[in-house]
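What follows is each chain in one-letter form.
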Amino acid sequence: MKTIQVSVVEEILSANDQLAVQNQRLLDDAGVFAINIMSSPGAGKTSTIVATQNLLKDRLRLGMVDGDIATTIDADRAAAAGMQAIQINTGGNCHLDAVMLSTALREMKLDEVDLIIVENVGNLICPSSFKLGTHRSVLIASIPEGDDKPYKYPPMYRGVDAVIINKVDLLPYVKFNMDYFIAGIEMLNPGVKTFPISCVTGEGLTDWTDWLYEQVAQNRR
Amino acid sequence: MHELSVTQSILEIALRYGNQNSAERITHLYLVIGDLSSIIDDSIQFYWDIISRGTIAEGATLHFQRVPTRMVCFECNHTYLPERGTLACPNCNSIRVQVSAGDEFRLDALDIETDDD
Numbered sequence: 001m002k003t004i005q006v007s008v009v010e011e012i013l014s015a016n017d018q019l020a021v022q023n024q025r026l027l028d029d030a031g032v033f034a035i036n037i038m039s040s041p042g043a044g045k046t047s048t049i050v051a052t053q054n055l056l057k058d059r060l061r062l063g064m065v066d067g068d069i070a071t072t073i074d075a076d077r078a079a080a081a082g083m084q085a086i087q088i089n090t091g092g093n094c095h096l097d098a099v100m101l102s103t104a105l106r107e108m109k110l111d112e113v114d115l116i117i118v119e120n121v122g123n124l125i126c127p128s129s130f131k132l133g134t135h136r137s138v139l140i141a142s143i144p145e146g147d148d149k150p151y152k153y154p155p156m157y158r159g160v161d162a163v164i165i166n167k168v169d170l171l172p173y174v175k176f177n178m179d180y181f182i183a184g185i186e187m188l189n190p191g192v193k194t195f196p197i198s199c200v201t202g203e204g205l206t207d208w209t210d211w212l213y214e215q216v217a218q219n220r221r
Numbered sequence: 001m002h003e004l005s006v007t008q009s010i011l012e013i014a015l016r017y018g019n020q021n022s023a024e025r026i027t028h029l030y031l032v033i034g035d036l037s038s039i040i041d042d043s044i045q046f047y048w049d050i051i052s053r054g055t056i057a058e059g060a061t062l063h064f065q066r067v068p069t070r071m072v073c074f075e076c077n078h079t080y081l082p083e084r085g086t087l088a089c090p091n092c093n094s095i096r097v098q099v100s101a102g103d104e105f106r107l108d109a110l111d112i113e114t115d116d117d
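Chain order of the listed sequences is D and E. Numbering-wise (our numbering), the first sequence opens with residue 1 and increments by one. Numbering-wise (our numbering), the second sequence opens with residue 1 and increments by one.
Hints in this document: simulated from the structure, not taken from any laboratory. Because the structure is a prediction, the values reported are computed rather than measured. Hints are supplied without guarantee of correctness; some may be wrong.
Over 12 Å on every C-beta distance to chain E, these chain D residues come out as not near it, computed from the model [what the hints assert, rightly or not]:
(1) 2
(2) 13
(3) 204
Covered, in the sense of this in silico footprint (three residues per stretch, anywhere, with C-beta under 8 Å from a C-beta of chain D), are these stretches of chain E [claimed, not checked]:
(4) 9-22
(5) 98-110
Glycine included, C-beta positions come from ideal geometry on N, C-alpha and C.
Same shape as in the complex, but just chain E:
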């Protein structure tokens, strides 16, 4: 899997925003990860602990907000979480449906420590 390169991207973005905001330390990262994005929290955390060493983000806590896969039905406008083995609308059985959430993969915010002045 590609969690190492993905974790490097997270670190790069965090350090860029940290430096822009004169951070002495980055203490928390708030990640939003959809279930369709095929990313495993534990793997990110594993690589994070290694590659953040020696940076201002060392020891920062990663928060994962998981977003379940949501579908919306074109026929009856029903929004639902798909069941295993089918994606069809559970309300009207239509297969004219669309994924409406679940492929998010972004860094929403950081908590940083700065000098008082």
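Looking at chain D on its own, in the form it has when it is part of the complex:
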């Protein structure tokens, strides 16, 4: 017997990352744009998705892939709003990964959608580590969560293309320093787009959907 050292230097999540690349290729071949929406539980992912459907449905055919540890409540809401909705029950897993999205994409009628919104499992930690193969990642923060979240969950704020700040209608009632919050985002992710919105009053929603529509349109060119 002899003992030798073997150099590896491999990313531990490389298998997931490779499958994510395949997912994006499948989407591109089908001419479908996809975004990954992440947030803590209760920040308003499904409400934002339904509001997005209502504002874009005359221009784009939207689909939704929903990841939850149990129930089809969120996918049912999206389906009721007229979206093609696929439910992934992760069976307790804390995040979606590229394998789960790959399975969902095979179930989806890709020729009947232009834009797929993937609703990740509500969690501010794990989803940031697992690429899915979507074209953009969006984080939804919400006012009642507090203004310190970028400082406490930096990985989640680092890897996203846009941050939606939901429930701004609650600003008069909640201690939330917007400047401190925005400064935290800027340090982690300089220049990232931010969209203050309220799904209750409708404030700011068209800024978000205009941006999203532009992302889809750019991808087609």
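Position chain E against the provided structure of chain D, taking the given hints into account.
For chain E alone, kept in the frame of chain D given last:
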């Protein structure tokens, strides 16, 4: 948390490199884990002891090299470890800063035992 699936990935990579190099046994794994990667050493070790049983990596020692979160300031080029509660540059208070290390998550090397010939 997702340490079980992550530990399975580590085992898969280790066995692949072990087999490619005709290992009889894998005895040490050298992991590099940044503090931003939200991975707990003890959890990995816990799952490792269970899922490596019956493989050539059973009983291998896991070595964790932790990499602290480092930031670099665009204004004054200062490199620093962020303090709790703020990420701003402690040298010039700028918030034009960037994370420069801390999200590593990789397997760097293995020690393996092979036949002499």
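Tested hints:
1. 2: Non-interface label fails for residue 2 of chain D: nearest chain E Cβ at 6 Å, not farther than 12 Å.
2. 13: Contrary to the label, residue 13 of chain D does not stay out of reach of chain E, its closest Cβ about 6 Å off (not over 12 Å).
3. 204: holds (24 Å)
4. 9-22: holds (count 8)
5. 98-110: holds (count 9)
In this structure, the hints that do not hold are numbers 1 and 2, in rising order.
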